[in-house]
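Top line first, the protein sequences correspond to chains A and B.
Going by our numbering, the residue at position 707 of the first sequence is 707; the numbering climbs one at a time, nothing skipped.
Going by our numbering, the residue at position 132 of the second sequence is 132; the numbering climbs one at a time, nothing skipped.
In case anyone wonders, no lab produced these hints; they're calculated from the structure.
Misleading hints may appear alongside valid ones.
Derived coverage of chain A by chain B (criterion: at least 3 residues anywhere in the stretch with Cβ under 8 Å from a Cβ of chain B; other residues may be distant) [to be verified]: (1) 163-176; (2) 542-553; (3) 570-582.
A few chain B positions that, by computed beta-carbon distances, are all more than 10 Å from chain A [unchecked claim]: (4) Leu28; (5) Gly39; (6) Pro64; (7) Val91; (8) Met96; (9) Val102; (10) Asn115; (11) Trp143; (12) Arg155.
Here are the computed lysine to aspartate or glutamate pairs in the EDC-like style, where the Cα-Cα straight-line distance is at most 20 Å [stated by the list, open to error]: (13) Lys757(A) <-> Asp95(B); (14) Lys627(A) <-> Asp610(A); (15) Lys163(B) <-> Glu156(A).
Note that this is a predicted model, so its numbers are computed, not measured.
The beta carbon of each residue, even a glycine, is placed where N, CA and C say it ideally should be.
Chain residues, written in single-letter form:
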Amino acid sequence: MSGFRIAKGGLINREQTLDFTFDGRKYQGVKGDTLASALLANGVRIVGRSFKYHRPRGVWGVWFDDPNAIFDLTLKDVSLPNCPATTTHLVEGMSARAVNAYPSAQFDIKGVFDRFHRFMPAGFYYKTFKWPHWHLFEPVIRKMAGLGHLGSEIIEGYQSEQHNIRCDLLVIGGGPAGLAGAQAAAQAGQSVILVDDHPEFGGGLYRRSKDIEGVKPAQWVARQCRAIEAAGGRLMPATTAFGVYDHNMVALAQDKGFGLAPTLWRVRAKRILMATGATDRPVTFANNDRPGVMSLDGALEYLARYGVLVGRKIAVLSNNSFVEPAAEILRRAGGEVRVLDATQGQAKALGNKVLHGVEMNGQRFDCDTLLASSGLTPVVHLWRHAGGKLDWDENLAAFIPGKAPDNMRAAGAANGTFDLDNALSEARAKAIGAPVPKQKSTYRITPLWPKPDAKARQWIDFQHDVTLKDIELAARENYASVEHLKRYTTLGMASDQGKTSNMTGLAAMAALQGRSIPEVGTTTFRPPFVPVPIGLYGGARRGQLFNPLKRLVLEDRHRAAGAALGEYGGWLRPGWYGARDITREVLRARNAAGILDASPLGKIEVMGPDAASFVNFIYYNTISTLKTGCIRYGFMLTEGGIVYDDGVIARLADNHFVISCSSSHVESVTAALESWRQDGNDPDRIFIHDCTQNWPTVTVTGPKAREIMAQLDLSIDLADFPHMTWRETRFKQAAARVARVSFTGDTSYEISVPVDKVHALWDAVILAGKPLGAGPIGVEALSVLRAEKGYIIVGKDTDGEVMPHDLGFAIPRAKKTAAFVGDRGLHTDNANREDRRQLVGLRVPDGAVALATGAHLVEKSASGLHSIGVVTSSYNSPSIGQPIALALVEKGTERMGETLTIWHMDQQNTATVVSPVFLDPKGARLNAG
Amino acid sequence: MRDDSTKWDTPLGQERATIAGDGFELSLIPLTCQTLISGPIAACLAVSGQKQAFGWPDIVTGQPYALRLRRDRLLVVNGGQQAEGWDERGVAVSDMTGAYSVIEIDGPQAIDLLNSGTELSIDLPSGTVARQFHGFATLIYRWQSLTCYRLHIQRCYLEAIWKHMQS
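Please put together the full structure from these sequences, using the hints given.
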């Protein structure tokens, strides 16, 4: 027991005590404590175990810079894994358990791993677990990896709010520089937002023993806050700026308390003032990871904010000029403090779970706490997110903000301005765009970096157990770049993302390579600055809003008819009606008529004097010769000649076309058309309107489709309405568009009407069809119907290599003279290969079951079986009376009649290659009537 | 394919009740006609009979009115039926009455609700009313007052956007 709560001081409420447990033991804290401060106040030293060697770990830092105290927390029904104890505020009844330790952080059975550390250096598993196979070891290693455990219960109502706001100036960091800057800008008339991740503003000010501008720190902070708000500024405490993105968009996570989802604020700021302060760097010495070794800055902060003195007998190991004032503060609080100059020799911490002292230059100094500081590191993460450069400052022995990103400035300790008065004047000037006065710094530091070839183990990354020897090993094995060093050793990959370890790690690499620190450089800083819940990004996008489907106007009718609804191409559509009996629906369509909600089919209008030549250019097939009132099937290709979409094009007038593309491709086809419209065309002579949702469509298909149509009062001469033509007419006094076009192989009519008429249309069609044996069919039946006819679905029966001539559409490639998208791609060596996969049909032997979609067609070769194709669609065909399949097969058209081997899940079957058109190859049904 | 009917709430349809939120009211507005007109903006205005096309943060008043979607495109609201197709004055005309549902948000906190899904600021004018709202393509403009807004949304996403506004 060494840390304790002093009699007075801190930003806590001593009157309100809070009971909690840690690793099963009961403790008491007070309102305003973090879990870490409460444990320190109770004298708890061991709060966790390191990741690899399971060495005991104590608290190192006081806020986001602590890599050691990571807890799984439970409060009533809420469990959250991997909560940093230093940034999680204590709540009555909270139960904390150290991660990566069993049964407790104090007595961890895996602590024995440390005895085998010689066999587990950096990258040992890359070298060790590869024989006979990595997958043999993977399950155990994965089980051992990771930190906390997810609770089994979902947290009800855990949903982040999200807001977008703007301001003239966003000040990040509510310490003295941030407060001074925000006040100056607000009083200059700017709209200002000031954010700080603590619940209280003031930053590191409270640890000061002296007054600031004539008043106590707390009074000064309150005064600044009042002034900012009085000038119209907005204060956002408990809010962390965790990322800076393009165009000055800063993401903020606002803490709402334990178990409640934080709120995401996206702030678009005209200017950003970064006043994020600086953190203490660890000193690298023997056994520097022992519980009781912690940050000097952190110790001061625990004292100032939480009234906790972290030790009674304290040694301070430092190399800079801030150490004496700090030691004096600790002495005044009751600590017995001894200052050691870390630059004058190699230190070694004594003790294991309990720190007994420190040895230096052959002398032993007894202590229960060792506070280390090898200099201040400005917190420049957000600066780098925004694309700002870093400069190396020899005088500060630190990277400081260099060339600034647009509209962003740094002030205070974050800018390397460690003297308080200098920081205030700098922040005020930068906040209002005034020149910054030249200032002298009182901060002095003697550089102190890890010294290679040390005999004892010296820790660089406390959580991930990266030691100086690991850095040396990486250098020997030529992982010399800092990015390689990071991946090889996992340096900086702990949950603090290198906030304590990166500087010492890259300094060690610099020393090993005989290079300067700036020459070695830093790893990449990426958002988020601190861990945030994934739910913060998702917000309300969960459940039905995670990936909302498009909804049909007729969904109420489908539900009333007992439809099974499912996702098809981004739409919620009927898969079938009533009990699942696809055969019944297929036979209904083949024998009478199927009635289908085809509303998602694309209805993209292309209009203008150049519309005809444009559509002709877009499509593989020749469209320019299409007559008004007629329809043509066609392919859209990528520039490489790959089939991108298929559909039909109707010509309503000389300068007016409707493209009916695949249901799931409407947005992408519209975007492609817009893209081509603006490329090489006069955009004032072609316009594209996606009218899909204005024209819901009901399709009637089957031998009795015409009889049904005749009862609909559509004023169409059905006797003079051949396949692939189009009629504009009226339905219930509204415009109606009827296309005679088929995706089933039977006589079909697609009737499109305005939204407010489609219920009437559906009801009329159902009513007319019922006496004839017709009824609704879902998409599952449609899939069978179209496969029986050999009609493809792009993306299912095609892949990223299929060209139109692979599907039997070779004439435009050979004869179309006008330019079209994809033309060049169709004449490459690849396009002309003789072994291209081509669309074919497959029949299975009598009595065999349907082939599996995705099954491979295989041939034997010297090296075994190799794939020559794949089954793309496969169904039991009610119309044919046996299973059918479509497939893409090498030289498919040359293989007609050949029996091929089908391989699927280690089973082999056979199938015979046939034409993909199983039903009505001459089109008699299609053109009937 | 599995039956996901119960995974998705039954659509509320067009006859849904007004929702009273914290500082705003949400209602679905029936419009008699919406027409998309593309072409040089002066020609679009001439064909539509409108004198101006509203952008952001204009306050739209009166009927009919035209919203500017992009530099060569208007949506004319309640302007009456027009012949569809290519107009020889150099514009393309399509009926869109059924394509867009229209939600009205009225109240002092309406702007906050909108800013949960998009970036809106009176200080940041735009020629167009087209916006992404929670990732959906929408049209957003001020309607008749400082605190009333209208959203035109693709009809197929009405249920999703309505749910977003209540979440």
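What are the numbers of the hints that this structure violates, sorted from low to high? Result: hints 5, 7, 8, 10, 12 break, sorted rising.
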